[in-house]
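**Q** The listed protein sequences correspond, in order, to chains C and Y.
Going by numbering that gives the first Met the number 0, the letters in the first sequence line up with residues 0 to 636, in that order.
Going by numbering that gives the first Met the number 0, the letters in the second sequence line up with residues 0 to 257, in that order.
Among these hints, one or two may not hold up.
Claimed, not checked - Which residues of chain Y face chain C? A few of them, derived with a C-beta cut under 8 Å, are: (1) Leu141; (2) Arg148; (3) Pro151; (4) Gly153; (5) Glu191.
FYI, nobody ran anything at the bench for these hints, they're computed from the structure.
Fair warning: this is a prediction, and the values are worked out from it, not measured in the lab.
All residues carry an ideal CB built from backbone N, CA and C; glycine is no exception.
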Amino acid sequence: MDEGTAYNNTLPKLLEEQYLKRGEAQVAMRVKDRGIWRSFTWKEYYEKVKFFCLGLVHLGLKRGDKVSILGENKPEWYWADLASLSAGATAVGIFTDCVPSEIKYYLQDSDSTFVIVHDQEQVDKILEIKEELPKIQKLIYWDHKGLWFYDDPIMMGFEEVIALGREYDQSHPGTYEDLVSQVQPEDIAVICYTSGTTGLPKGAMLSHGNIVAMTRSWLEVDGWQSGEQYLSFLPPAWVTEQALGVAGSLISGMEVNFPEDPETVQENIREVGPGVLFYGPRLWESVVSMIQAKITDTSPFRRFLYNSFLPLGYRRAKLLSSKETPGLWPRFLFALAHFFVFRALKDRVGLSNIRCAYTAGSAISPDILRYFQAIGVNIKQLYGGSEQGLVSIHRDGEIKWETSGPAMPGIEIKLSDEGEILIKGPNTFVGYYKKMDAYNNKMTDGWYHTEDFGHLDEDNHLVVIDRMEDLKELKGGRKFSPQFIEIRLRFSPYIKDALVIGSVEHDFVSSIINIDMENVGRWAEKRHIVYTTFTDLSQKPEVIQLIREELKKVNRSVPEHSRVKRFLNLHKEFDADESELTRTRKLRRVFVEDKYGDMIKAIYGDKTEYRIEESIKYRDGRTGRIENVIQVNRVEG
Amino acid sequence: MDNGTSILKVEDVTLSFGGITALNNVSFEVGQKEVFAVIGPNGAGKTSVLNCINGFYRPQKGRLMFRDIDLTRLRPHKIAETGISRTFQNIELYTGLSTLDNLMASRHIHMKRGALAAALHFGPTRKEEIKHRAIVEDVIDLLEMTAIRHKPVGLLPYGLRKRVELGRAICAEPSLLLLDEPMAGMNVEEKEDMARFILDVFELKEIPIVLVEHDMQVVTDIAMKAVVLDFGNKIAEGSPMEVAQDTRVIRAYLGEED
C-alpha cells in the first residue's frame, strides 16, 4: 500500500481507488434483507455513491453544506455518507434513538440542508419539527415501509435520488470526478456530536485527514485484510464506526456486513462469523451473561466440562497477557479445552473466527476482558473519543485487563500535574463547529485536554480511571473514582448495582449495594437459606457475608485509600420509576445520595443498625408506611 | 366516504343450534375499501358471523355473497380458495414449526407442483418455492418478524403468536381478510402495534378487512364501519362513533337501567 500520499487522503478518493482495483471482482459490503444476504461489489458501492452524490448535487447540495444522516447500520448509511463527502459536503451522524427536540438541535446547530433517514419512525420525527427548520431542503428516506401514502413535498426516496443522479450523469458527464478531485484532506468530513457533560452537545469536526490518519495507525496495529469480515454494529454517528467501518474498509478492503435488524444481531453474527468486531461494553457484558445463563441450563455433564476447562483458559490468558510463551503442556491442555468446550461455545455466540475484537470506554470490567481471552477470543481495549480520535490500543500478546493499551502509532500521551490525560497527534480533531472558543479552551500548544483522569503504567499502557469531574476527594485530599469501583462490583453476579460513597467529610469509602435478587436467591436456595422478600434476603447474615467477600475481592484491585470499608445491602432495588436510575439503568448519583442522606450518615456513624421508615404508594393511590431494619457492615482489610 | 363497491354481502342470515338462535336475520355489506368491525357483548354471535362467512357453519336461512360467488353452500377449503383468509381468536398455528414454515404453509393453496416434484425439488419446483418465499419474506418484513423467523411458534409469547397468525393470513394473499379478536389478551403496547400492522396491511395490500372485536377503543381507532350484534340480532350499524352513541348499543354493553 502506498502510504500517506496526498492523493490518498480523502475518503472519496480511497473509494475510487478500491473501485479501480477490485471493481466487480470483490464484495465490498453485504446486508441481510428479506432473509437473504445480499452483496454489493466495489463497483456497485462506487456507483451507488456516485449517482446518489449527483442526485444530491442536482437537488442543490453544494461544497461545504452539511448533510445529516439518521439511521441504523445499513449500506445506505455508508452510501449517503460517502456521497455527501464526494460532493465536498460534511456528514453529520445522528443517533437513531434521539427524540425530535434533540434532532432539531443537531440539525439547527449543524446548519444541515439535507436529512437522510432510515424509515417511517425517523421520517415522522423530522416532519414533526420541519416547520422550525427552514434550511432543510430535502428529507430522503431509504426504507419506504409505512410511507406509501405520505405526500409531503419535502420527502424523497433514496432510489429516486439515485435515478436523478443517473440522469444527471448522462447530461453532465465527468461532474462526479471533478467534484471528487476538489475534495481536500483538510476538508471537514464528519461532525460528531459529543454528549458533553456540561451544556449543550458540541459538534466535533474531523477532517478527511484526521479519519484517514486514525484508521491508518489502527491498521498498522491490526492489519485487517481484504476479504476479512467485519460486522457493522456500532452506531455510525460515532467516530469509531467512521474509522473502523467506513474508512477501515475503504483502506483495507475488508468486507462490511450489516445485520438485518438490531434484534437479529445475535443470529446474524453466527452467519457472518466476523474476524473483526467492535461491541460496546454493555454488549460484551450481555454476551457473557447469555453464556452464563445457557451454562446454568445445560446438562450437568456439559456444565462439568465447562467448569473444568474454564480455569485452563484463564491460566492461558494470564500467560499470554504477561508476554510469556506458554510451554508445550499448557498449550496441549488449552487445545483440549478448545476442542471440547470453547470451540462450540464461541460458535454459539458467533465468535468462532474472531481475530480482533474490540471494546472501548473505561466502563468495562477487566473481568469481562479476561473471560473472553480465556475462551480464546482476542478482545482488546481501546481508548478514544470524538475529539481526541483513537489514542491507545492493546497489541496482540500484550493485553493487560486493567489498561487501554499503549499509544497508537503517531500519538503522544502525557499527563498533567492533576493527572489529566493530554493527547497530541494527527487524529486530534480540528475544532468544534461554531464553538471555537470551547476548542481553544481545551487545547494548549497542540495538546488536547481530554478531561479524563488516568495514568501510564510501567509498560506505558494507558489506564483511564474516570472523568476528572466525577472524581471524588476524601478527607486529606486523596482522590478516588466511585465509578471505577462500581464497575468492578457490578461484575459480581450477586451485585446488581452499587453506589460508592465518599467525600471530603469522610475518612474512608463506603458503599450501598443493591443485591441481584435472582442470583442471590438461587444461591440462598442451594444452601437452604429460607427467605421471604427482597428485604429479608438482603439482610440475611449469610448474604451479608457473601457480599463482604465480593467487596474484599474488588478491594484487592484498587488503591489502598479507595477501598470500601463499610457497606450495607439496600432493602429494595434501585428503581427507574423512583428516579434512582436513568432509563438506561445508570445510577443518578446526586439524587440517590440525597435521598439516602440519613442512611449514609448512619454508615459513617458507629451504630450497626439503621432503621428506615418509608412511605409507599400503592397502585390504587393509597399510601402506607413500612419500617425496615438494615444492617451496617464492615469490611476488614 | 367512498368505501368502494360492495365485496361481501350478508343477506338475512339466520343460524341456530337447536333451540338457540345464534344469528337472527343478520344483513350487512362490506365495501372494497373498508375495515369493517363486527362488535357486541359476549355471546352476541360475532364469531358465528365469521364462521358463516368462511364456511365452518352453514346458516339455515339467508345468503352470503362474496363478489359474485355464493358462499352459502361451499365447503371451508373451497371458500379459502376464493380468496378469503382468516385468523382465530384462540390462535391456530403449527406450534412445532417455525414462523417461516407456518407462513410458507399458508402459501400451499397457491402451490401448483405435486408432491413428487416437491420431493425432488429442482428446476421449476425450486423456482416456485423461491417465488413463494419472497412473498413470505415481504410479510415478515412488513410485520417486523425478522427476529423470530426461525423460532418455533410454540415458544413465542402470546402477542407474537397473534402476529404470526395475522402474517399467515396475509401470506395467502387474500382478497378478504377476516380477523377474530386480533387484540384479545394483549397489553396496550401490543394492541397499538397490532392496530398499526392491521392498518399497514389494509393500506398497502388494499385488502378489505372484517374484524371481530369487543374493545370499542380499538374499533373506533381502526374501523370505518361497524355493525353491532346483541343475542344474534343486529341492533345498530354505522361509523364506530355513531354506533358507540346509540342508546341500544350502550344498553347492550352496560345492561338495562331499571
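**Q** Please go over all the hints and tell whether each is borne out by the structure.
**A** The hints, checked one at a time:
Annotation: Y:Leu141 was flagged as interfacial toward chain C, and the flag holds, the nearest CB pair being 7 Å apart, inside 8 Å. Hint status for Y:Arg148: holds, given a least beta-carbon distance of 6 Å to chain C, under 8 Å. Violation of the interface hint for Y:Pro151 is found here, the shortest Cβ-Cβ separation to chain C being roughly 14 Å, above the 8 Å cut-off. Using the Cβ-Cβ criterion of 8 Å, the hint placing Y:Gly153 at the interface with chain C is not satisfied: the shortest such distance is roughly 18 Å.
Hint on Y:Glu191 is violated. Least Cβ distance to chain C is approximately 14 Å, over the 8 Å limit.
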